[in-house]
Structures are given as C-alpha cells and as structure tokens.
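What follows is the residue order along each chain.
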Amino acid sequence: MFDPPKWKIWTIFLAIALGVAFAIPSFFPRSEVATWPKFAPRTQIAYGLDLAGGSQLLLEADLADATRQRLAAMEDSVSQELRREPRIQAGDISVANGQLSFMLRDPTQLDAAVERVRTLTQGVGLTGTRTWNVSTQDGNRVIMVPTPEGNAQAVKEAMTVARDVVRRRIDPSGTREVTVINQGSNRILVQVPGIDDPEALKRLIGQTARLEFKLVDQRADPAQVAQGRAPAGSQVLPMADGQGNIAVQRRVMVSGEQIASAQQTFDQQTGAPNITIRFDSAGAKRFGRTTTENVGKPFAIILDNKVLSAPNINEPILGGTATISGGFTVETANELAISLSSGKLPVKLDPIEERTVSPDLGKDSIQSGLIASAIAIFAVMFFMVITYGRFGWYANLGLVINALLILGIMGIFGSALTLPGIAGFVLTIGAAVDANVLINERIREEQRRGRKILDAIETGYKEASTAIFDANITNVIAAALMWYFGSGPVRGFAIVLLIGIVTSVFTAVNFTRLLVALWVRKNRPRELHI
Amino acid sequence: MKLLKLVPDNTNIDFMRVRNIALVLSILVTIASLSLVAVKGLNLGIDFVGGQVVRATFAQPVNIEDLRGRINALEVGEASIQDFGDSRTYQVRLPSPPGDPAASARIIGQVRGTLEKNYPGVKVGAGEAVSGKVSGELARDGLLAISLAMLGIAIYIWFRFEWQFGVGALVTLFHDVSMVLGFFALTQLQVDLNIVAAFLAIVGYSLNDTVVIYDRIRENLRKYRKMQMLQMLNLSLNETLSRTIVTSGSIMLALAMLLIFGPDVIFGLTIAILLGTFVGTYSSIYISAPILVWLGVRPDSFLKAEDKAPAVAGGDGAVV
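Just so you know, the protein sequences line up as chains A and B, in that order.
full-length UniProt numbering puts the first residue of the first sequence at 1, with every later residue one more than the last.
full-length UniProt numbering puts the first residue of the second sequence at 1, with every later residue one more than the last.
By construction, these hints were calculated from the structure, which means they are not laboratory data.
What you are looking at is a predicted structure, and each value in this text was computed from that prediction instead of being measured.
Please note that the accuracy of each hint is not assured.
As the list claims (entries may be wrong) - The calculated label-pair distances, taken between Cβ atoms and stated as ranges, are:
1) B:Leu4 with A:Arg451: 16 to 26 Å
2) B:Ala59 with A:Pro29: 27 to 37 Å
3) A:Arg42 with B:Ile13: 46 to 56 Å
4) B:Gly99 with A:Pro29: 29 to 39 Å
5) A:Thr11 with B:Ala59: 17 to 27 Å
6) B:Leu74 with A:Gly194: 23 to 33 Å
7) B:Asn72 with A:Thr323: 42 to 52 Å
8) B:Gly99 with A:Asp241: 26 to 36 Å
9) B:Leu74 with A:Ala64: 21 to 31 Å
Stated by the list, open to error - Quick partial rundown of chain B residues pointing at chain A, CB under 7 Å, derived from the structure:
10) Ala102
11) Gly127
12) Ser131
13) Val134
14) Leu151
15) Arg160
16) Leu189
17) Leu200
18) Leu207
19) Val212
20) Thr244
21) Val246
22) Met257
23) Ile266
All C-beta atoms in this analysis are idealised placements derived from N, C-alpha and C, irrespective of residue type, glycine included.
Just chain A, same shape as in the assembly (with noise of 0.2 Å):
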C-alpha cells in the first residue's frame, strides 16, 4: 500500500480537484458568478426555502371536479357528434350519478348511435382499455360510463397541463427560480423562494380562469330569476360583486381559449383598472359576428362561472380586442390577466399544504447554522489533532476534502440546503471522522501488539475496511429509505446524509491512506506517534 500505482493517486486527485471546483462558485455571490468565464463551473449550492425565506405551497387536484368537467365535455362531443349528417335524433341526454346517457327517438338507430359515439372513446396505453364503456338499455338508451383507466389518464394529462398554467402564472416572465413540481397522481407541488406573502400567490393559482362570453337573457322573469330559475336555453348565474344574479344564454359566444394574450390596462375616462385583451384570430371573427349580430343588447362577461359585468354592445368589435371591467384593483386586474393568457386550468386545485418563511428569519437561520456548523468541524479537528497527531492532521485534511466534496455535489446534483441538512452536515462531519478513527485506533492496537510501523498501518487499513463498509451502508440503508419515503424537511436532511456518507468514505479512506501513504515513503518513519 505504500507504493500506490501512479493512476491511483491521480484518478483519487482528479476526482478532489472536480469535487473542490464544483463547489468554489457557492462562496460567491449569484451575480459574480454570472460574469466568470463559460469555462470555469458555476454551480452553486441553492438554499432551502427555510433558509432563503419564501412559500411553499402544496396544491391538490379536485378530483370530483375534474370527473365532472370531463362529463359535461363528454355530452358536448356526443350532441355535436349526433348531430353530423346523417343526423340521429336523441334527446334527455343528461349526466347524472357519473355518467352520461341519452334517449333515441327511433330505435332502430341504436347500432349507428353507439358506432357513433364510440368513436368518441379511445384506447388507454398498451392495454387499450378504453376511456369509456358504452353500453345499451331498454332498446332505445345509450350510456356511457367513464373507466377507471380513462379517468387516471384524464387527470394525468390534466396534471400536466395544470403544471404548465400554475408555472406561467406564478412567473410570466421565466426569470424567478421558482420550482413547480407534479407529486404523486395529483399534486402539485410549488415553491417560490423571496415570496413571503402566500396569499398572492393562492389567488393568482386558485383562478381556474375559464373567460367566457354569453348574451344576457332579456327574456328571463326577473323575479323567477331571483329564485334561481331561467328559461329553456338559459342559466342563472351569479353577478361577481354579490349583487344579485343574472340569467344568461347557455351558448358561448366566445370563449378564454380564443385570447392571444391579456394585459392590465387603465380605463380611459375613468382611469379604473381594467384588463385589454386580444383575442386571436377565430376569436376575432366570433367575437366581431356576435356584436354585430347583436347591437344594443347586454353582454355577459364571465370568469369562472360568475359574472363579471354585463356592458351593452354599442356598436360592433371588429378590431379582435375588448376590455373587460368590473372593479378591479391594480393588482387583481393585474392577477386575472396574467390568468388570462396562461390560459385556463384543465382542473381546480386545492392548497392544501402551505408553508412560508420570511427572507429576514432565513437569514438569520443560515447564519447562525453556519456559524454553528464551523464551530462544531473546529472543533472535532481540534479533537482529532490532540488525539492522533500527525494522523488526525491527515483526518483533518480529509474532513475539510469531505465538507468541499458535499457542497460540490449537491452543486451539481442542484439540491438545496435545508436547516435540518445543515444538522446532516453536521452528523456527517461527526461521523465521517468515525472511519479515520477505527483506522487509527486499529494501527494503535496493532502496535501494541508488537507488529512493525508499516506493517501496523498496513493491517490497521486493511483490518478497519469491514467494519467501516457494513457501519457505512447500514447508514446509507437509512439515508435511501428516509429520502424515499421523507417529504420536505427529512428529504432534506436525507440528501446530505447521503452524499456525506460516500464522500466520507472516500476520504477517509482513499484520501488520507494516500497521504499516509506518500509520507511513508518519502520519510520512512522510525517510529510512530499515534
């Protein structure tokens, strides 16, 4: 061992001098980073949101919800569907107990029905489950029955998009480091770090957004409409202020899919917020045909199924633009357009996890912890030093090597530093010198028992390694599991426990065998202090 061949000793420095690099951009600041050259690394350790002050909110998807959307666009596609020529005439279509039937006036068409509308359904995956069951009942009822399989994709690809909506919202611009994760089948999981008031953050995601513009029902009794009843066609909804309802045409004229984009603006007479947008060009059209078509009468401008206002049409929209008011503040008119043009959530989602931190109490939390986590490798080398000598010089050495490497990797790997990682790295730094010390305390029985220097440090080396890889990977059996299972704060801890473990090792064992190792050699010791 004391002739290490050449490959060894570089491949060990090699894999320090990597190790050190990765982790030198962490004791800069961001913005000086940014300016190095492009060849020198710049990862660098993230903070934790416990360190760095921000929210954390955990949001769940309302199944139920999203069962029902997809029921309703069902029985949209099936009208649209039977309706196509040649028509076939059915009525009391209607969605009840999760799921859709509907009637047909002549029997005989029942085959061509269920052809018709099974074109409607599709396979799921390799198994080609279908995302429907259509069945038959009494000779003349169609119905169809969501499966099981067709719902989880429903609400994965729903997930998906969600994540994509709640990502543009909270950052339009794309410069925020924010995270926006899926969890489980139907989580998201959103952090922002810097943010510490939630509250924004829940309205700008809790708006499922869904624009849609429909011609007031002037028919309507207003009296019936009080109790909330509407004539054929028609539905009640309620005005957004409180003030009352409204009865409204089922059809939509136009809807938030035909926006290009969305924009707080200011009204021109009364200086009000409001919000301009501009639709694209099929909304365009819609949306010119409709106000021509229907001059003089009111216009009901919904979000998400309340009624924002209801302007009547004065002359007819041709330019593709239009303003929505309603008594908005800067910063809700604000909110809605930027909803607005990240386009509308596929299902509703829930917080139902929210966790904020204050910037000033997380730096006050790293500061702190690092002060701590110097003083505790202080004073474990100091410790060491007293104890082994020269050997805890060498212990110590690998330490500070370990404490670069953890910093590199987790660089690299970009996972952030949390309070209870700072107390892993901690744990780590006590229990990395674990390994020096059965080393040198096997060397020191060794000689005891009259062995020779060289022969001594051989056998300790040699004698310890067992012990340090089944005390080590009964740790890293602990670290994976509590990573897997772990959520937030345990994860966190996990990450760094685990990373610490294998750079421990290494150190402690690769490393400082070489600079014992080198020592020996090149001084061939008499004898041995340790």
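Given the coordinates of chain A, assemble chain B onto it according to the supplied hints.
Below, chain B without anything else, positioned relative to chain A:
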C-alpha cells in the same frame, strides 16, 4: 507532543458482569418511556395532526389576551398562543378545521391579515398550514420510513452476520427509539417532521456503533475458537472501546456546538440526535452484545462450511 488518550491501552473492563443489571435497567426505562408516551402522549406538531401556525414579531409588546381575543373573533377555532420570552414574539396555533382540505391554508391568510391590520409594524415571520389529509399522510410516511429503516438494516445485518445479530440490532434499535420517544413525551417538546429525520439519524448512528462492535465480535469469534463467549464479548468491547468513545465523543461535540450556537428551529432535531447518540452508545455495549449470548451465538457460529463438515465439498465459505 503527548497525544490524548481518552481510553488507556489494554483496558480490561468486565462489561458483561453487569449485563443482567443493565438489562433490567433498560427494560424498566423502556417500559417507563413507553408508558410515558401512552399516558402523557406526544406533543405532535401540525405536520402530523394538521392545523396552522403563524409566528409573528410585534413592534411593541402586546397583551396576550388582546391577541387571543382578536384571533378568536375570526371564529376559526381555539387558538393556542405561545410567547418566546420577550413578549414581542408569539406563535399562534390553530386546530385544523374538519372537512374542507383547503380550509387550513385559507385560515392562515386570515390570521396573517388580522395581525397585519391590528398591529402596525408586525412582522409575520413564518406561517405553516397543513390540512388534516396531508398530516395523516405525513404521519404514516414518517412511521413507515422509521420502521422500514429498522427492518431493512436488521435484514442487512442478518445477511452479513447471523440471524442473532440481526435480532440483536433490532432489539437495540427498539430500545433506543423508545428511549428518545419517552424523552419527547416527558419534555413535551414538539414532534414535527424534523424529528422524524432525527429518529432516522439515531437509527443510522446506533446501528453504526453496533455494527462496529459486531464486526469485532465476528472477527474474534473466528480467531479465538476456544474462548468463552462472555470473555470474548468483553475482549471485543474493550478492544473497540477507545473507538466508541472517540467517535461518540466527536459526534456529541459537534452536535453540542449546533445545540448552543445553531438556530432555534433545529433545537428539537439536534437534541434528539444528541440524546440518541448517547443512548445508542450505551445500548450497543449493554444490549446488542449480551443479547448474542442469550440468543446462543457460539464460537462455532462463524465456522466456514467446509470446516464444520469437511465432507461437504464445494462450499464457497458463505455463512449460512
């Protein structure tokens, strides 16, 4: 330079002489700990029972009754208000409303709003809201992680050593974990997600210690086949004693620094690991070693297959 030796050379402490006393003591303390948990219960944080917490620092000292009145006026549940010594920093905790999973997150906004409206200059430092649904999952995942870690490690040790060692490790772990649980029941320190991390760290460290000793026992079992079991355990423990003391010492030193100088937020986490390290060191000597005697480990337990039965050829030396 004279080097420090915490443990003198060639110690010959008869650890096993007191093994029965230690065992009775351990059983008693374990029972006491578990009864404490059963009687007093653990002070579970909102991570596990749901609810919301807001920590706020006020510009002026405030009257706690005024504060309580304002929070209760929101009618979002019975507030528990705790001060942090200086009558300017308070923590408000509210129970989780049943039903609506999104209600927790909404309430925290209301509380925040009330504080900011009524107390100009207030700094709302941190707020957390966990719905009952998530908290149940967090509690389940935490328990699962700790149990699986214990089991996984025990199985690994069973494979690397012998089944008795696996059982020994499991019993040792159970002992350590109950001890720390008892501590939390006694002090009523809050148990949150951080503490789960602490428990897993304890499991990892306690095992680390036990494995090092087991490793030496295995080595000596192979080396001294004629030696009496108790004598062999004493020898192994004495041989590893110096390492045990130095390592535990350095870890506890590091943790003590974190306890004294570190942020308040990780006080519970740190003190749990510190206590666990101490208990883990004790138990690896007084529980994990003697249990091997009771489980019938003998010097021939590690004889290689071909030594045991020379007639059977082809054994690769694996211990089965």
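For each hint, the structure was consulted:
At roughly 23 Å, the beta carbons of leucine 4 of chain B and arginine 451 of chain A sit within the given window of 16 to 26 Å. Alanine 59 of chain B and proline 29 of chain A have their C-beta atoms about 31 Å apart, which keeps the hinted 27 to 37 Å range intact. Checking the proposed 46 to 56 Å range against arginine 42 of chain A and isoleucine 13 of chain B shows it holds: the Cβ atoms sit about 55 Å from each other. Judged by the Cβ atoms, the range 29 to 39 Å given for glycine 99 of chain B and proline 29 of chain A is violated: they are separated by roughly 47 Å.
Separated by about 59 Å at the C-beta atoms, threonine 11 of chain A and alanine 59 of chain B break the suggested range of 17 to 27 Å. The beta-carbon spacing between leucine 74 of chain B and glycine 194 of chain A, approximately 28 Å, falls within the hinted interval of 23 to 33 Å. In this structure the hint that asparagine 72 of chain B and threonine 323 of chain A lie 42 to 52 Å apart at CB holds, the actual value being about 44 Å. Judged by the Cβ atoms, the range 26 to 36 Å given for glycine 99 of chain B and aspartate 241 of chain A holds: they are separated by roughly 27 Å.
For the hinted restraint 21 to 31 Å between leucine 74 of chain B and alanine 64 of chain A, the CB-CB distance of approximately 28 Å keeps it satisfied. Using the Cβ-Cβ criterion of 7 Å, the hint placing alanine 102 of chain B at the interface with chain A is satisfied: the shortest such distance is roughly 4 Å. Interface restraint check for glycine 127 of chain B: the shortest CB-CB distance to chain A comes to about 5 Å, inside 7 Å, so the restraint holds. Restraint check, serine 131 of chain B versus chain A: the minimum CB separation of about 4 Å is within 7 Å; hint holds.
Annotation: valine 134 of chain B was flagged as interfacial toward chain A, and the flag holds, the nearest CB pair being 5 Å apart, inside 7 Å. Interface restraint check for leucine 151 of chain B: the shortest CB-CB distance to chain A comes to about 9 Å, outside 7 Å, so the restraint is violated. The beta carbon of arginine 160 of chain B is positioned within 7 Å of a beta carbon in chain A (closest approach about 6 Å), and the interface hint is therefore held. Of the supplied interface hints, the one on leucine 189 of chain B is violated, with its beta-carbon coming no nearer than about 15 Å to a beta-carbon of chain A, more than 7 Å.
For leucine 200 of chain B, the interface hint holds, the least distance from its beta-carbon to any beta-carbon of chain A being 5 Å, beneath 7 Å. Annotation: interface hint on leucine 207 of chain B holds; nearest CB of chain A at approximately 4 Å, less than 7 Å. For valine 212 of chain B, the suggested interface contact is upheld, since its CB lies about 5 Å from the closest CB of chain A, less than 7 Å. Taken as an interface hint, threonine 244 of chain B does not check out: its beta carbon lies about 9 Å from the nearest beta carbon of chain A, beyond 7 Å.
The interface hint given for valine 246 of chain B is met, as the beta carbon of that residue sits about 5 Å from the closest beta carbon of chain A, less than 7 Å. The interface hint given for methionine 257 of chain B is met, as the beta carbon of that residue sits about 4 Å from the closest beta carbon of chain A, less than 7 Å. Taking 7 Å as the C-beta cut-off, the interface hint given for isoleucine 266 of chain B holds, the closest approach to chain A being about 5 Å.
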